[in-house]
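**Student:** Residue numbers (this note's numbering), protein chains in the order written: chain S, 1 to 300; chain D, 1 to 334; chain X, 1 to 362.
These aren't lab readings, by the way, just hints derived from the structure by calculation.
Among these hints, one or two may not hold up.
Simulated crosslink set (DMTMM-like; lysine to aspartate or glutamate; CA at most 25 Å straight-line) [as the list claims (entries may be wrong)]: (1) 140(S) <-> 98(S); (2) 129(S) <-> 172(S); (3) 129(S) <-> 88(S); (4) 129(S) <-> 301(X); (5) 104(X) <-> 301(X); (6) 129(S) <-> 21(X); (7) 185(X) <-> 266(D); (8) 140(S) <-> 172(S); (9) 129(S) <-> 145(S).
If you're wondering where the values come from, they're calculated on a predicted model, not measured in any experiment.
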Amino acid sequence: MPISPIAENRSRDTAGRPALRVDDLRVTVDAGRTEAVHGVSFTVGRGEIVGLVGESGSGKTLTCRAIAGLLAPGCARSAGEVELAGADGTRVDLTALDRRGWDSVRGTRIGVVFQDPASYLNPSITVGKQLAETLRVHLKLGRAEARRRAVELFASVGLRDPGTVYRQYPHELSGGMAQRVLIAVAISGDPDLLVADEATSSLDVLVQAEVLDLLRGLVRERGLALLLVTHDLAVVAELCDRVLVCRRGELVEQGPAAQVIADPQHPHTRELLDAALVWRPDTDAALAQGLSDLEFAEAS
Amino acid sequence: MSTLTSTPETRSPGSPGSGPGRSGRATPARRAGILRRALRLRSTQIALGILGVIAILALFGGALAPDNPLAQNTGAVLQGPGGAHWLGTDYLGRDVLSRLMAGTGRSVVGALEAVAVGLVAGVAPGLASLWLGRTFEWIALRIVDAFMTLPYVVFAVAVTGIFGNSLNTAMLAVGALIAPRYFRIARAAALGLTRAQYVEAAELFGASRRRILRTHVWGKILPTIAVTTAQALATALLIVSSLAFLGLGVEPPLPTWGELLSSDLDYLAQQPWAPLVPGLLIMITAGALNALADAIRDSGAVLQFDDTALDTAPDAAPDDPEPLAADRSAYGVL
Amino acid sequence: MSGQAAETQAQRESAGTQGLERTLAYARAAVRIVSVPVTVFLIATFATYALGALGGANPAAEVLGQDATPAAIARLDHQFGLDRPFLVQYFTWLGHALTGNLGKSYFTSIPVSTSVGQALPVDASIAVLALCFAVLIGGGAGIAAALRQGSRLDRAVTLICSGVATVPPFIVGIALIVVFAVFLKVLPSGGYVGLTADPGQWLRFALLPGLALSAEGAAAIARQLRTSLVGALRENYVLGAAARGLPARRVLFRHVLRNAAGPALTVLGLEIPNLIGGAVVAEKIFALPGVAQLALQAGTEHDIPVIQGTLLVTIGVVLISNIAVNLALVAVNPQGRRGTRTVRPQAAARGAAAQPTAGAVA
């Protein structure tokens, strides 16, 4: 049954329906000449944090961009379904949106957070004004109202001095604060899905931990679905409920995070884990093995 | 304090004009190398061809013209192009083609004169500004700034109005306004080169001052001056034509290109295509000069100078460096 | 201290200094924007006055004629104030000029400011029209080309811009006359009616000269804007804005153009002196009673005060436009307040007047 772009479907109980459903998604690059994502399928439930991991070139960024409709020119979704289900029962077929459709979906139903956050904001306008602008455009708030709400949002993402931050320019903010600002912008429309593309990769470790805390808090409070794209398995171990492992455009393994990390099935997952030195139940054993290997090498 | 970036030149043995082991005595070979590279471009060849024709016309135009440019013939006024007169006749029955050819010399000489004045008046003070003390330097820089503010044509109008309407006066005025360009490059070049690392390095290696001057300094400055001169000539030509158009610096009935345009204007209704002819000629010549300048510049050895160090005024903030070609393109400051 | 608390602390400290820094930067920018033109103004006007004095065929002698007695000349000299020390004369003259008194014509005794005051609006109104054309046509073309980069439209625009750049304005003017006045006969080939007198007629007379003068500027603006936009559209913040769901038009005009307009504004600023120079020639082509005509006329009569007056006014216009452009640059881009991009008056007037950029090959 074809799904119309924005279908009211209150008769169906959407409580059990995942917020995001991706089915056999294929993405081509280079003006359609090469397929870079080969039929990826997964879901993200409401209040769930799903990590999408892989090396560079594994297709994870392309996947999340395709979901958010932000593919670069030359790239296109060639097949597959992507469906967004809201808490209020509306369903949106993300593959059938035109530019106008996307403008109303992005910012209100999907929020996106990027790596290197300050560069994704206009460098010559204060961050407060930019958030206020988003609020006015999507929520039709008046100027004063938008301003107030912006400051509230800044406070809710943990910025300690929201009034001052309002008046700052992107380049004047530290990495962590800029990311909080970007998160504030992303959740300002009360979205169903939050897509974070390497959101913490450029932050210091302490700051990264705090931003991750913030994300977790937001997800639990608001029932957001969070799709977190990262190459850092430590982040996955820390934050995610489920994890999807990407390799060369395919999902090679998916499952609950703890389980996948403790007992990886696919060799690539094991490689990634080894490289990440994530604590695993059998790490002690690995350590012992490593030490004895070393002694052996030294002795000979 | 000035920074000098010079686009790297290939000095491998295979580079044009230099054989193996020649890099030491590279001056004539290197200059030839730059020119040779520029010459290889089709645009340069066309430009030089055009300029060659213009030069010949400038020197021998009067003699080569089919008719006497001054001969009036009231019986054959304002005729279109035809067998007897390839470009028609003007309002006094004079042959347009002949006038055009004969007028080349005057227009070209005017432009050359202006540029010569500019060169002489600009280079010496430019170099002097580095050695005659801070006061002189500051004053000279401010004067240069002021002169660059004055629009060419308006200034020339004013000067000829005050001092008398003659070609020489007008060219002096234009030359005075071109001088600042030469001032700046001379100054920047001298400043940059005396501090350039490769000069120091060469000194360390024991090269004599004279050799350094010859190989490094001349080899680098000459193309730069060539570019500026070509552009200045184009500008000067256009200004001379405009001034002639306005009636300044002309001595009727002797023809110049600009003056031809002006008389054509009066009879536009009868000969609407007439102004096109001198106009095209001016455009093509100026275009050729600019293309030449571009070619030399693109062939790689022209230095870009960072002018910002030259501002000794207390409020001189880091302005944009102004590459030498800036004069020509409207957005040169970028 | 937790990561964010430490950040906030640092942030607060730096925000405090940032505020101070910003004010200082504003002040510095303001000083710089004003002081350089002022210096240039003083020197240029001094040169103007000196020229007059040098050229000065003794005006008293000219006015009184051949058989003026030395005493009569001396009296007139004193009346003209020509027997005082030079610098004093200069500053007096400058002072008068700044208050609007530019002296009187040697010959007609009409105050120079009156004559200039009648002639200047002609040039000014047409120049403003030309600027509007340049911005609208050039801006529109530049934006269209950048949005459809690589398409036929883009290539056509680029080609036309390079072509136009090689054509001197007087040719464009003449061509326009030929097409519209001679062939189509829809617009007059010359003459002028004041804007305040009759706007409709004014437009009829001002349209062609305005277009002719705008051609060069439009081409330069289009080219620059296209380049800046193509670069700016690739920036991350454009993606960020799209990710926030902002409509395309809003992103373009409120975000991208705001950031990318700087260089184009600079170009615009550089065009203004070209307009002045082009106007001189345009006046002749289109028979406009402007400032240049005044100067030319005065030139034939050696009417020095008038010449000085017109030169002074020209200098003033160039410098004021330079200040205006620099202020606009600062307003558009706060990073400009750090002093990265302002246009110096000499750069603004460089190659100005006639057809300096004709022949600029793309």
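**Student:** For a quick check of understanding: which of the numbered hints are violated here, in increasing order?
**Tutor:** Those not satisfied are hints 3, 4 and 8.
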